[in-house]
Amino acid sequence: MIKNIVFDISNVLAPFRFKEFLAEKGFDAAMIKRIIKASVMTPYWTEYEKGKLTYDEVMNAFISVDPEIADELYKAYGECSGIMGKYDYTEGWIDALKGAGYKLYCITNFTPAGYEQCYDSISFIERFDGIVCSFKEGIAKPDPEIYKLLLSRYDLKAEECVFIDDTEENVLSAKKLGFAGIVFTGYEDAVAGLDELIGSR
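Residue numbering for the sequence shown follows the numbering used here, beginning at 2 and increasing consecutively.
Hints were generated in silico from the structure; no laboratory data involved. Ideal placement from N, C-alpha and C gives every residue a C-beta, glycine not left out. Please note: incorrect hints may appear among the correct ones.
Claimed, not checked - As a list, the in silico BS3-like pairs of lysine-lysine whose alpha-carbon atoms are at most 30 Å apart:
no., residue 1, residue 2
1, K137, K76
2, K176, K99
3, K51, K87
4, K20, K104
5, K76, K87
6, K76, K51
Said to hold, decoys possible - The following label-pair restraints were derived from C-beta to C-beta distances:
no., residue 1, residue 2, range
7, G179, P16, 27 to 33 Å
8, E169, P16, 17 to 23 Å
9, A97, A71, 43 to 49 Å
Model the full assembly from the supplied sequences, consistent with the hints where possible.
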């Protein structure tokens, strides 16, 4: 029986609007591609999400990948409060699930700066029953340990949890531990998938 709904945040409950954010800072498509290649596509980004690197350390690491765009990288990552948006459905979805008696949890990969500067966009997490955030724990999805941490910290059983994430690899990692899983492709499909799972368990 499903008792607990475990969410990812980015692109499930709040849009990670990275390319749009960089475009709003004045970067053209070619530079956006270059910034992404030097930052979020590197292993340094994952280490930053795990809290293993400070802001200064990760910026130096990004610059080492493409020194010619040092100024652009600092402009891109100097202030990021607009990088997360809001979905119209999020608050209503939370209301409906809590009203139906489900406990809500979150496992999210977030950088320290992103979490702090974007908190207004994700303040709905204050309504959750528990949160596991990568940079605070030193581990990140899809590492099985982050799912195990959620289970142990909040005394949950995997077979009573469904995990919803937009990255298939993250969902598969949770399913290997006994979670039910939904790969998020859109709100309506996720609601339908959740209803089907709940009805079958």
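Taking the hints in turn, this is what the structure says about them:
no. : hint                    : in the structure
1   : K137 to K76             : holds (25 Å)
2   : K176 to K99             : holds (23 Å)
3   : K51 to K87              : holds (24 Å)
4   : K20 to K104             : violated (33 Å)
5   : K76 to K87              : holds (23 Å)
6   : K76 to K51              : holds (23 Å)
7   : G179 to P16: 27 to 33 Å : holds (30 Å)
8   : E169 to P16: 17 to 23 Å : holds (19 Å)
9   : A97 to A71: 43 to 49 Å  : holds (47 Å)
In summary, the one numbered hint that this structure violates is 4.
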